[in-house]
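Construct the entire structure; sequences and hints are all you get.
2 protein chains.
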Amino acid sequence: MPDPTSHPHSGKGPRAAEAIFDATLRLLAERGYSGLTIEAVAQEAGVNKTTIYRWWPSKAPLLRAALLRARVLEIGIPDTGTLRGDLIALAEQVIALVTGVRTRSVVRAVTSGSGLPDDELASLTREFFADRFSREQPVFARAAARGELPAGIDPMLLLDLIAGAVWMRALLRSEPVPPGFAAAAVDAVLPARSGS
Amino acid sequence: MPDPTSHPHSGKGPRAAEAIFDATLRLLAERGYSGLTIEAVAQEAGVNKTTIYRWWPSKAPLLRAALLRARVLEIGIPDTGTLRGDLIALAEQVIALVTGVRTRSVVRAVTSGSGLPDDELASLTREFFADRFSREQPVFARAAARGELPAGIDPMLLLDLIAGAVWMRALLRSEPVPPGFAAAAVDAVLPARSGS
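Quick note, the sequences are listed as chains A and B, same order.
Numbering-wise, numbering that gives the first Met the number 0 puts 35 at position 36 of the first sequence, and it's gapless, one number per residue.
Numbering-wise, numbering that gives the first Met the number 0 puts 34 at position 35 of the second sequence, and it's gapless, one number per residue.
Simulated from the structure, these hints should not be mistaken for lab results.
Heads up, some of the hints might be wrong.
Selected chain B positions facing chain A (Cβ under 10 angstroms, derived; list incomplete) [said to hold, decoys possible]: (1) ILE94; (2) LEU123; (3) ALA129; (4) LEU158; (5) VAL188.
A short list of chain B residues far from chain A (calculated; beta carbon distances all over 10 angstroms) [said to hold, decoys possible]: (6) LEU67; (7) ARG70; (8) GLY75; (9) ASP78; (10) ALA88; (11) GLY99; (12) ARG101; (13) ALA121; (14) ALA144; (15) ASP153; (16) ASP159; (17) VAL165; (18) ALA187.
Just so it is clear, CB atoms sit at the ideal spot from N, CA and C, and this is done for glycine as well.
Below you can see the structure in the form of C-alpha cells.
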C-alpha cells in the first residue's frame with residue numbers, strides 16, 4: 000500500500016501507481032471504456048478506491064495518466080551515434096509495443112477508442128503521441144548537430160512513415176513483422192542520407 | 000427490392016447489395032460487432048431478412064463481403080504514367096478513406112475490432128489488405144516495366160510506409176493531414192528514384 004500522502008507525480012508510491020496504471024490499461028483492453036471503473040481498477044490493483052480517487056477524480060484523468068506514464072508503454076530515447084541507428088531503435092520499440100503480448104491488446108484498445116467518445120479519444124491519442132514526439136526531439140537535434148538531417152526533412156513525417164509501416168504490417172495487415180523490418184523501413188526513408 | 004433469385008456476386012441486384020453493405024458497415028461502426036445483427040441490417044437497408052440470409056448465412060460472411068465489396072471502401076487503381084504519380088493517387092485515396100465523414104468511423108471500427116474475436120478480426124483485416132495489395136499489383140508491374148522499380152525495393156514495404164504515414168497522422172496522432180502530405184510521403188520513400 001502506498002503512503003496515502005504521496006502523489007505518483009512526486010515519484011513516491013510508484014509501485015502503487017504502476018499497479019493502478021496496469022490495471023487501468025488491462026481493464027480498458029478487456030472490457031472497453033464503459034467497463035473501466037475506478038472500483039474495478041482498485042480491485043485489480045489491490046488498492047483502496049479512495050487511494051485512486053485521491054489522485055484522480057474520475058476515470059478520464061486516470062486513463063490519461065496511465066497512457067502517459069505506465070512503464071509498459073514507455074519508450075527509451077536511443078542515442079546510438081547515428082540518425083539511422085536511433086530510428087531503427089525507435090522502430091524496434093514500436094514493433095515490440097504493437098506485437099508484445101502485454102501491450103498489443105492495450106494498443107489496439109487505445110487506438111480504437113473502445114467506447115470512448117470520439118472527441119475524448121482524439122484528445123487522448125493526440126496528447127499521447129505529442130508527448131512521445133516531444134521526447135523524441137533529442138534524436139533529431141543530435142542528427143542536425145551531426146549534419147545528418149538535410150533541410151526540408153520533416154522529423155514528424157519521418158516518424159510517421161517508419162512507425163506507420165510497423166502499424167500497417169502488424170495491426171492492419173495482421174502479418175508477421177519479419178526480422179530486419181525496422182532497418183528496411185528506416186533505410187527506405189533515409190537512402191544515402193545518413194552516413195551509416 | 001432486389002430480384003430474390005439474383006446473387007450480388009453475379010452483378011445483379013447491386014443496389015440491394017450496396018444498401019446491405021452500407022447498413023452492415025454503419026451498424027458495425029455505431030454498435031460494434033455484438034450490435035451488428037442480420038435483423039438490424041435488414042431494417043436499415045430496407046430489405047427482407049430472408050433476402051440477406053439467402054446470400055449470407057450469418058453476420059461473419061456478411062461483414063466479410065461488405066469489407067471486400069462495399070463501394071464506399073473501394074479503391075481505384077491509378078495509371079498516371081509514373082510510379083510517383085500512382086503512389087500519390089493511392090495515398091490520396093487512403094487519406095480520403097481515413098478522414099472522410101462516411102468512412103472514418105467505419106475504418107476505425109474495422110481496424111479496432113469492435114468486439115470481434117481477435118482471430119476473426121485478424122483474418123478479416125488480413126483478407127481485406129491482401130485483396131487491396133493484389134489489386135495494387137498493376138501499379139508495380141507497370142513501374143517495373145518502365146524501369147522505375149529498382150531491384151531490392153519491396154512494393155509492400157513502400158505501401159506500408161506511405162499508407163502507414165497517413166494512418167499515423169490522421170488516426171493515431173489525430174492531427175489534420177496537411178495539403179501536400181501524400182506527395183511528401185511518396186517523395187520521402189522515392190527520392191530521385193522515379194523520373195518525375
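Okay, the hints, checked on the actual structure:
Hint status for B/ILE94: violated, given a least beta-carbon distance of 13 angstroms to chain A, over 10 angstroms. For B/LEU123, the interface hint holds, since its Cβ comes within 10 angstroms of a Cβ in chain A; the closest pair sits about 9 angstroms apart. At its closest, the beta carbon of B/ALA129 sits 8 angstroms from a beta carbon of chain A; the interface hint therefore holds under the 10 angstroms criterion. Interface hint at B/LEU158: satisfied, since its Cβ lies 8 angstroms from the closest Cβ of chain A, which is below the 10 angstroms cut-off.
Annotation: B/VAL188 was flagged as interfacial toward chain A, and the flag holds, the nearest CB pair being 5 angstroms apart, inside 10 angstroms. Non-interface status of B/LEU67 relative to chain A is upheld: no Cβ of that chain comes within 10 angstroms, the nearest being about 15 angstroms off. The beta carbon of B/ARG70 sits about 21 angstroms from the closest Cβ of chain A, which is more than 10 angstroms, so the claim that it is off the interface holds. Every CB of chain A lies more than 10 angstroms from the CB of B/GLY75, the least distance being 20 angstroms, so the non-interface label holds.
Distance check on B/ASP78: its Cβ is at least 23 angstroms (rounded) from any Cβ of chain A, clearing the 10 angstroms threshold; non-interface status holds. Remark: the non-interface label on B/ALA88 is consistent with the geometry, its nearest Cβ contact in chain A lying 18 angstroms away (cut-off 10 angstroms). Interface exclusion of B/GLY99 from chain A stands, the closest Cβ pair being 15 angstroms apart, more than 10 angstroms. The beta carbon of B/ARG101 sits about 15 angstroms from the closest Cβ of chain A, which is more than 10 angstroms, so the claim that it is off the interface holds.
For B/ALA121, the non-interface assignment is contradicted: its Cβ lies about 4 angstroms from the closest Cβ of chain A, within the 10 angstroms cut-off. The Cβ of B/ALA144 sits about 22 angstroms from the closest Cβ of chain A, beyond the 10 angstroms cut-off, so the non-interface label holds. Its beta-carbon lying about 7 angstroms from the closest one in chain A, B/ASP153 breaks the requirement of being farther than 10 angstroms from that chain. The non-interface label for B/ASP159 is inconsistent with chain A: the shortest C-beta to C-beta separation is roughly 4 angstroms, within 10 angstroms.
Under the 10 angstroms C-beta cut-off, the non-interface status given to B/VAL165 relative to chain A is violated; the minimum distance is some 7 angstroms. Not every Cβ of chain A is farther than 10 angstroms from the Cβ of B/ALA187; the closest lies at roughly 5 angstroms, contradicting the non-interface assignment.
Hints 1, 13, 15, 16, 17 and 18 from the earlier list are contradicted by this structure; the remaining hints agree with it.
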